[in-house]
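Colleague: Each protein sequence line maps, in turn, to chains A and B. Residue 1 is where the first sequence starts when you use our numbering, and the numbers rise one by one after that. Residue 1 is where the second sequence starts when you use our numbering, and the numbers rise one by one after that.
Think of the hints as simulated: they come from the structure by calculation, not from any bench. This one's a predicted model, so the numbers in the text were calculated from it and none came from an experiment. Mixed in with the good hints there might be a few duds.
[As the list claims (entries may be wrong)] Dumping the calculated EDC-like pairs for lysine to aspartate or glutamate here, alpha-carbon to alpha-carbon at most 16 angstroms:
1. B:Lys67 x A:Asp441
2. A:Lys591 x A:Glu273
3. B:Lys138 x A:Asp473
4. B:Lys72 x A:Asp441
5. B:Lys148 x A:Glu445
6. B:Lys122 x A:Glu445
7. A:Lys406 x B:Glu115
8. B:Lys148 x A:Asp201
9. A:Lys459 x B:Asp128
10. A:Lys377 x B:Asp140
11. B:Lys122 x A:Asp70
12. A:Lys394 x B:Asp128
13. B:Lys39 x B:Glu79
14. A:Lys52 x A:Asp70
15. B:Lys72 x A:Glu445
16. A:Lys202 x A:Asp115
Chain residues, written in single-letter form:
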Amino acid sequence: MASLAPTFGRGAMTNHWVDIKNANVIVVMGGNAAEAHPCGFKWVTEAKAHNKAKFIVVDPRFTRSASVADYYAPIRSGTDIAFLGGLINYLLAHDKIQHEYVKKYSDATFLVNGDYQFDDGLFSGYDKGKRSYDKTSWSYQKGADGFVLADETLQDPRCVFNLMKQHYSRYTPEMVSRITGTPEAQFLHVCEMIAATAVPDKTTTFLYALGWTQHSIGSQNIRTMAMVQILLGNMGMAGGGINALRGHSNIQGLTDLGLLSNMLPGYMTLAGEKEQDFATYLDKRALKPLRPGQMSYWQNYPKFHVSLMKSWYGDAATKENNWCFDWLPKLDKVYDVLQVFELMHQGKMNGYFAQGFNPLASFPNKAKIGGALAKLKYLVVIDPLATETSEFWKNFGEFNDVDSSKIQTEVFRLPSTCFAEEDGSLVSSSRVLQWHFKGADAPGEARGDAEIMSGLFLKLREMYKQEGGAFPDPILNLSWPYKIPDSPSSEELAKEFNGKALADIVDPKDPTKVLAKAGEQLAGFALLRDDGSTACGCWIFSGAWSQAGNLMARRDNADPSGLGNTLNWAFAWPANRRILYNRASCDPSGKPWDAKRTVISWNTKENKWAGMDIPDIRPDAVPDENVGPFIMNPEGVARLFAVDKMAEGPFPEHYEPFETPIGTNPLHPNVISNPAARVFKGDMEAFGKAKEFPYVGTTYRLTEHFHFWTKHTRISAILQPEQFVEIGEELAQAKGIKAGDKVKVTSNRGFIKAVAVVTKRIKTLNVNGQQVHTVGIPIHWGFKGLAKNGYIANTLTPYVGDANTQTPEFKSFLVNVEKA
Amino acid sequence: MKVTRRQFFKICTASLGGSSLALMGYAPTEALAEIRNFKLERTTETRNTCPYCSVGCGLLMYSMGDKAKNAKSTIIHIEGDPDHPVNRGTLCPKGAGLLDFVHSPSRLKYPEVREAGTSEWKRISWDDAFTRIAKLMKADRDSNFVAKTADGLTVNRWLSTGFLAASASSNESGYLTQKIVRNLGILAFDNQARV
Chain A
1 MASLAPTFGR GAMTNHWVDI KNANVIVVMG GNAAEAHPCG FKWVTEAKAH
51 NKAKFIVVDP RFTRSASVAD YYAPIRSGTD IAFLGGLINY LLAHDKIQHE
101 YVKKYSDATF LVNGDYQFDD GLFSGYDKGK RSYDKTSWSY QKGADGFVLA
151 DETLQDPRCV FNLMKQHYSR YTPEMVSRIT GTPEAQFLHV CEMIAATAVP
201 DKTTTFLYAL GWTQHSIGSQ NIRTMAMVQI LLGNMGMAGG GINALRGHSN
251 IQGLTDLGLL SNMLPGYMTL AGEKEQDFAT YLDKRALKPL RPGQMSYWQN
301 YPKFHVSLMK SWYGDAATKE NNWCFDWLPK LDKVYDVLQV FELMHQGKMN
351 GYFAQGFNPL ASFPNKAKIG GALAKLKYLV VIDPLATETS EFWKNFGEFN
401 DVDSSKIQTE VFRLPSTCFA EEDGSLVSSS RVLQWHFKGA DAPGEARGDA
451 EIMSGLFLKL REMYKQEGGA FPDPILNLSW PYKIPDSPSS EELAKEFNGK
501 ALADIVDPKD PTKVLAKAGE QLAGFALLRD DGSTACGCWI FSGAWSQAGN
551 LMARRDNADP SGLGNTLNWA FAWPANRRIL YNRASCDPSG KPWDAKRTVI
601 SWNTKENKWA GMDIPDIRPD AVPDENVGPF IMNPEGVARL FAVDKMAEGP
651 FPEHYEPFET PIGTNPLHPN VISNPAARVF KGDMEAFGKA KEFPYVGTTY
701 RLTEHFHFWT KHTRISAILQ PEQFVEIGEE LAQAKGIKAG DKVKVTSNRG
751 FIKAVAVVTK RIKTLNVNGQ QVHTVGIPIH WGFKGLAKNG YIANTLTPYV
801 GDANTQTPEF KSFLVNVEKA
Chain B
1 MKVTRRQFFK ICTASLGGSS LALMGYAPTE ALAEIRNFKL ERTTETRNTC
51 PYCSVGCGLL MYSMGDKAKN AKSTIIHIEG DPDHPVNRGT LCPKGAGLLD
101 FVHSPSRLKY PEVREAGTSE WKRISWDDAF TRIAKLMKAD RDSNFVAKTA
151 DGLTVNRWLS TGFLAASASS NESGYLTQKI VRNLGILAFD NQARV
């Protein structure tokens, strides 16, 4: 999300599961789809069998994905930017890029601010004390007309293309191999295979997941690959794109709905505390085009925002009171989970809710998390299952050694329904909203999440009504139109986020034409207005429940194009588009780059865009107008240079994990790890050094388990009953460890004990002149459930996150291992 | 001929049963003619999607229960939906075990509280739970709500209580959670996307 949006404009998987079958080369890197997304992975198999696709896996472990790959290359965990930066260098050095695509659909030609520079590991504007950058110089040069200056000849040394070339020239094959441990010949072989798709009629697709995000440089891992896809001309193409494989069934949906500290539905953002003036708040977000004639779709922000406010506050939201702008909280900083548990650990939080979430098991440094929870006054756990978090106060011997009598937290545990017992929609990785139906009653007195939230809210509202209290306005005035107030139905809520007309909506070009009558469900976000005449709870979902009914429940799997887009199966955001940025599947004149995979094209007879998908462009945008395919970006094109959108630099740079086995950064020894990552006081000291903890620890999932849920299910508990770790043969031999021995794995934050699986699947790598061993640590055990009790794997992991998202560095840290 | 999935099962059950009996040269008496019916025949089929990873596999769930007012329905079988364009009827090892998730002995059935300093759960009613939690929330919110900063900026935020949302819950639940949590002024708000 935090890397795709800065590059392309939207933070989501660009293509979809079935579309993988159209690829010529598939790269799985930073993920393990065969085990973590098995039924989606079938489309890789399909591409191999029927499209003669070549499948590449780059991973520290020889995974089950790797076992069916055409080519596997090992890599040291946490060095993907070095690998992909080397790939960019290879593509540029060997002229394996799609020139016209890069020139027209990216910012390659744009001129960059003269003050921007990169020197010895740092970009211009670094403040060492604050561990952050002043990003003023990370910008484009602009002309008198306010538009960005460009050099179509790509000769200017300050154009993005040349700065990029210069930046990655340091990533030579030797350097790549020295950092990643990937043998040079294997690295070059992967480069060659991918470079073969730089032609217009071949595509590569990348499949990644948490193996890329869970690093202190996670977002930039993804951005590096995004840059590769721009250079190869693969965005918008069937069989191309970037397939961000989400970890949970509705992580995409909850992100779309903005359930994150600083977000509102539809990727709108809460105001910072300095943004006191509503007009300024809107103006900053309603981005004006940076190049002539571009759509810059966020220009419509006021329509989306006002419609949300009308959904939430109804008649109480008026133009005069800025649609209740002040009722929403304003940020002084982002309260991500690492920040929140840091505050909790300092005793600065009193209450916490965990709804279907198990933070004690899921967050890094279990000792810190458990200690933080013990400082709360109250904790409320809403879950279908008895989680570790709900019993953090209970002694489970070596697995949770606490003294209940010393923990004063009042803990409530509320039983919720599971998928089988409720109606509603989930958004798959492919951005498809699929409706599901209740099949049975919940056990005992369990209730749905919406019913539980309503019960709590209405009780609180009643108290505020009776007793008054701090700022009751948004609580008392929150629109609550539900037929059964303490149990809103999924249908009502889905209609609310889709949006409806509050007054007749007329065509701006022809006021006699009514597009939607007052009270009608809206057909899409194009109908939203900023004058209070529409209400819409999540603009990007608009169209999901129109006057035509619940489009999320559609079941027509017809696929007339054969490309797999199935436009009448459920509903995809935005506007039912299946392949994002599909305008880029055609050349500037509107002709598909590859006729065999025509997604859309410019229809000269009817003067509009049409095809086998919903065009991701204004339907009547004549090709001569040069409207760029990346309509959410004010540039209209994809960004190779991320301007000020990323915390640690406009071009991705390799930084070592905070716990590095080599203790240096071969590119710039003075700047080893991410200089812009936030590290709390005390956590820097809790990082281990290679002298004591010489091996790279990395955590992951098994195909038989899902996080900490399936240890509660009988079959999974039988298939994988007991906690284990994987170590390579060389390390096992050096340590005198045999398969089946019990071993103790220790980091600077604690230890776990588990059975050793000695494997050929993890190889020792030669990195910067030294041998680096990796210890694989599956995450699925804990002290509740049917599987054998085990240690929480996150006892070991470090408390530091990606500088943009604060996603913890679960994939690369230091451990020691010895016979227990 | 258009045959629904359920009709198809009926046909299969009937013809298989009939033909194998004939093959064995059986002359069924009246009592023996009562062949065992296909188990799913009397069930209700419901479409759902897998709650685990993000592939979004289609599921068919089969439940027993005659919809009588006080008869609780129960799911007896779950399989992949063959019409689904992505999973085409398949399920992975986790998805194939979903029935055990629905019926896990770890499923919570009643609201409970663990009082400060104690080491066991106490069952309470939903109303007690809501009242006690709402009181704790209100006390915390009323004493720690920040309407304005020291330098006079309007911020209307409540920082001393936080909320983690479930990314296996539906969009509808998620939307309502967002609507409520924001309007209490909570900023310590996240979901699994963060990790």
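Colleague: Check the structure against each numbered hint from earlier and tell me which ones fail, lowest number first.
Modeller: Numbers 2, 5, 8, 11, 12, 16, in rising order.
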